[in-house]
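Undergrad: These are the residues of each chain, in order.
Number of protein chains: 2
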Amino acid sequence: MYGHSYTHTRTEHPDAASFERHCHTEYELLFVLHGHGDFIVEGTHYPLRDGTVLFTRPSEYHYVHPESDTPYERYVVNFDRSFVLNAAEGLSVLTPQDDAVRGIYSSAESVISLLRQTFAFLDRLGKSAPADLRETLLQTVVTQAVTALFLQGPDRESASGNETVSALIDYINRHLTEDLSLDRLAGLHFIGKYQLCRLFRAHTGMSILHYINTKRMALAAEWLRNGIPAEEVALRIGFRDYSAFYRRFVSIQGKSPAAFGKNQ
Amino acid sequence: MYGHSYTHTRTEHPDAASFERHCHTEYELLFVLHGHGDFIVEGTHYPLRDGTVLFTRPSEYHYVHPESDTPYERYVVNFDRSFVLNAAEGLSVLTPQDDAVRGIYSSAESVISLLRQTFAFLDRLGKSAPADLRETLLQTVVTQAVTALFLQGPDRESASGNETVSALIDYINRHLTEDLSLDRLAGLHFIGKYQLCRLFRAHTGMSILHYINTKRMALAAEWLRNGIPAEEVALRIGFRDYSAFYRRFVSIQGKSPAAFGKNQ
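Protein chains in written order, with the numbering used here: chain C, 1 to 264; chain B, 1 to 264.
Take the hints with a grain of salt, since some may be wrong.
Same chains, same label: a pair holds when it works inside one copy or across any pair of copies.
To be verified - Only pairs whose alpha carbons sit at most 25 Å apart, straight line, appear in this in silico SDA-like list of lysine to any residue:
id, residue 1, residue 2
1, 193, 50
2, 127, 152
3, 127, 93
4, 193, 238
5, 255, 82
6, 127, 238
7, 127, 90
8, 255, 164
9, 193, 161
10, 255, 209
11, 127, 113
12, 127, 33
13, 255, 225
14, 127, 108
15, 255, 207
16, 255, 59
17, 127, 6
18, 255, 159
19, 127, 58
20, 127, 110
21, 127, 94
22, 255, 17
23, 193, 175
24, 127, 92
25, 255, 108
26, 255, 158
27, 127, 87
The hints are simulated quantities; they were obtained by calculation from the structure and are not laboratory data. Values in this document were obtained by computation on a predicted structure and should not be read as measured data.
Modelling step: build the complete structure from the supplied sequences, incorporating the hints.
TA: Below you can see the structure in the form of structure tokens.
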């Protein structure tokens with residue numbers, strides 16, 4: 001009835017390289033039962049531990065970097081805003097501000113024990129339970145998690161990152177439709193292009209160009225969902241050549257622009 | 001938006017006589033944080049302990065008998081069927097069968113720890129939270145509790161009672177609109193009227209007549225809610241004199257029949 005997915009996965013020997021780096025139009029709730037490593041949201045690093053709760057909002061670029069020597073077991077729920085029930089749908093945690101921290105991280109015991117109980121309960125329902133009952137219970141879990149994170153607030157002390165990279169990401173996020181050439185970005189931050197690229201890759205694990213392309217296509221996907229015609233989206237995002245936009249979009253999103261349209 | 005109430009109460013020196021014996025058209029979920037005593041549903045006794053979960057369906061006559069030497073702290077939620085979310089609304093635990101045990105009792109650790117976490121979460125929200133957010137969270141708690149009780153099933157081993165009284169209550173519940181004179185009831189169970197009355201009072205804490213009157217007026221309230229005119233309800237329930245029905249109804253329900261009508 002609402003867009004959502006839910007997985008409970010255990011990986012005995014996680015290979016960091018095999019974990020997808022992505023940016024999507026859904027919310028994501030990650031609850032770590034067991035693991036060791038890092039979680040990176042747009043250049044901000046959070047420690048990944050037993051009980052870690054991480055929540056990302058639409059279009060926040062994120063990925064996990066688990067250590068290979070520790071099994072990694074987690075629940076992941078992806079959902080649309082409408083999957084959150086009634087009053088909780090209006091909570092500010094669902095709408096990131098421009099200057100807000102990236103992702104919401106929590107290691108508060110009250111949040112962890114709530115999620116542990118409610119996910120364990122969902123597990124007990126098992127695959128044999130009617131799909132609509134599992135969905136109803138998943139909605140209650142997601143609603144409680146969102147409310148708990150709102151009450152608790154983000155745990156900013158656990159976040160770490162590089163100030164220049166953070167400022168750069170902020171700038172890119174706010175100017176996605178403008179000129180984001182390396183010359184321009186390096187000029188803004190008063191460091192050399194080469195140094196800037198190396199610094200960015202060291203803290204985010206990817207090139208600046210890849211980050212910009214991914215964020216631009218995420219914004220394009222959002223506009224398409226809101227019913228804006230593909231040709232206009234291409235122009236807004238800075239592509240005068242529609243077929244170049246189309247190829248870039250498909251290579252990053254894995255689907256054609258039409259698949260994101262209003263009636264899909 | 002839906003009919004419900006929710007209380008978290010602690011009584012330092014509970015006086016069993018001050019706890020209401022009642023029978024209502026709502027579901028009731030009782031979660032005992034701390035206490036010692038008994039919970040009685042239509043003559044069936046359950047032990048009341050820290051962590052006890054008790055669930056009664058509409059028209060199940062019930063009351064609590066706490067020991068005065070132990071503080072009694074509990075959550076009580078009363079709610080209509082429509083307060084339970086989506087798919088969970090169809091669970092069989094919400095529809096008692098004629099031959100089912102009375103009330104649903106659970107002392108399963110999995111149910112208790114789920115309720116402890118989710119009620120604690122509701123407490124943390126506090127009175128300062130918006131009313132509609134508290135209501136949304138209460139809905140998630142009730143839905144999870146109903147589902148957990150369905151999964152766990154009733155704990156029949158903790159129930160105790162007298163077989164004759166149970167059979168008598170069964171008979172009364174199934175024949176509320178028929179002749180339930182003491183002569184007839186005693187005849188059915190092949191014991192003397194005096195012995196029957198004494199046995200009933202010993203196991204339920206009330207007279208047979210009081211029990212019958214209460215159950216009849218609960219059935220009347222249900223019919224009124226379903227839109228049946230008060231005069232017809234009176235006749236169905238065995239009252240040829242409407243004013244006698246009216247007085248009896250008000251004395252037991254505390255409100256006039258009109259207050260239970262379809263449009264109230």
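Undergrad: None of the hints should be skipped; say for each whether it holds.
TA: Status of each hint after checking the structure:
Taking the shortest alpha-carbon separations for residue 193 and residue 50, neither the intra-copy value of 39 Å nor the inter-copy value of 66 Å comes in at or below 25 Å. Within a single copy, residue 127 and residue 152 get their C-alpha atoms only as close as 32 Å, which misses the 25 Å cut-off; across copies the closest is 16 Å, which meets it. Taking identical chains as interchangeable, the C-alpha atoms of residue 127 and residue 93 lie at most 25 Å apart only when they sit on different chains, with a minimum of 20 Å there against 31 Å within one chain. Taking the shortest alpha-carbon separations for residue 193 and residue 238, only the intra-copy value of 22 Å comes in at or below 25 Å, while the best inter-copy value is 93 Å.
Proximity of residue 255 to residue 82 under the C-alpha cut-off of 25 Å is restricted to the intra-copy arrangement: shortest distance 23 Å within a copy versus 40 Å between copies. For the homomeric pair residue 127 and residue 238, neither the shortest alpha-carbon distance inside one copy (46 Å) nor that between copies (50 Å) is at most 25 Å. In this homomeric assembly, residue 127 and residue 90 come within 25 Å of each other (Cα to Cα) only across copies, at 18 Å, whereas the closest approach inside a single copy is 31 Å. With identical chains, the CA atoms of residue 255 and residue 164 are never at most 25 Å apart, being 34 Å at best within one copy and 70 Å at best between copies.
For the identical chains of this complex, residue 193 and residue 161 are intra-copy neighbours only, at 20 Å inside a copy versus 83 Å across copies, given an alpha-carbon limit of 25 Å. For the identical chains of this complex, residue 255 and residue 209 are intra-copy neighbours only, at 20 Å inside a copy versus 72 Å across copies, given an alpha-carbon limit of 25 Å. Both within a single protomer and between protomers do residue 127 and residue 113 lie at most 25 Å apart by alpha-carbon distance, with minima of 23 Å and 22 Å respectively. Taking identical chains as interchangeable, the C-alpha atoms of residue 127 and residue 33 lie at most 25 Å apart only when both belong to the same chain, with a minimum of 20 Å there against 32 Å between chains.
For the homomeric pair residue 255 and residue 225, the shortest alpha-carbon distance inside one copy (13 Å) is at most 25 Å, but the shortest distance between copies (54 Å) is not. For a Cα distance limit of 25 Å, the shortest separation of residue 127 from residue 108 across copies, 22 Å, qualifies, whereas the shortest one inside one copy, 30 Å, does not. With identical chains, the CA atoms of residue 255 and residue 207 are at most 25 Å apart within one copy only, with a shortest distance of 23 Å there and 73 Å across copies. In this homomeric assembly, residue 255 and residue 59 come within 25 Å of each other (Cα to Cα) only inside a single copy, at 16 Å, whereas the closest approach across copies is 56 Å.
For a Cα distance limit of 25 Å, the shortest separation of residue 127 from residue 6 inside one copy, 12 Å, qualifies, whereas the shortest one across copies, 32 Å, does not. For the homomeric pair residue 255 and residue 159, neither the shortest alpha-carbon distance inside one copy (33 Å) nor that between copies (59 Å) is at most 25 Å. Taking the closest pair of Cα atoms, residue 127 and residue 58 never come within 25 Å of each other, the shortest separation being 28 Å inside a single copy and 31 Å across copies. For the identical chains of this complex, residue 127 and residue 110 are inter-copy neighbours only, at 18 Å across copies versus 28 Å inside a copy, given an alpha-carbon limit of 25 Å.
In this homomeric assembly, residue 127 and residue 94 come within 25 Å of each other (Cα to Cα) only across copies, at 22 Å, whereas the closest approach inside a single copy is 29 Å. For a Cα distance limit of 25 Å, the shortest separation of residue 255 from residue 17 inside one copy, 23 Å, qualifies, whereas the shortest one across copies, 69 Å, does not. Only within a single protomer do residue 193 and residue 175 lie at most 25 Å apart by alpha-carbon distance; the minimum there is 19 Å, versus 89 Å between protomers. For the identical chains of this complex, residue 127 and residue 92 are inter-copy neighbours only, at 19 Å across copies versus 34 Å inside a copy, given an alpha-carbon limit of 25 Å.
In this assembly of identical chains, the alpha carbons of residue 255 and residue 108 never lie at most 25 Å apart, being 38 Å within a copy and 48 Å across copies at closest. With identical chains, the CA atoms of residue 255 and residue 158 are never at most 25 Å apart, being 36 Å at best within one copy and 58 Å at best between copies. In this assembly of identical chains, the alpha carbons of residue 127 and residue 87 lie at most 25 Å apart only when taken from different copies (15 Å versus 29 Å within one copy).
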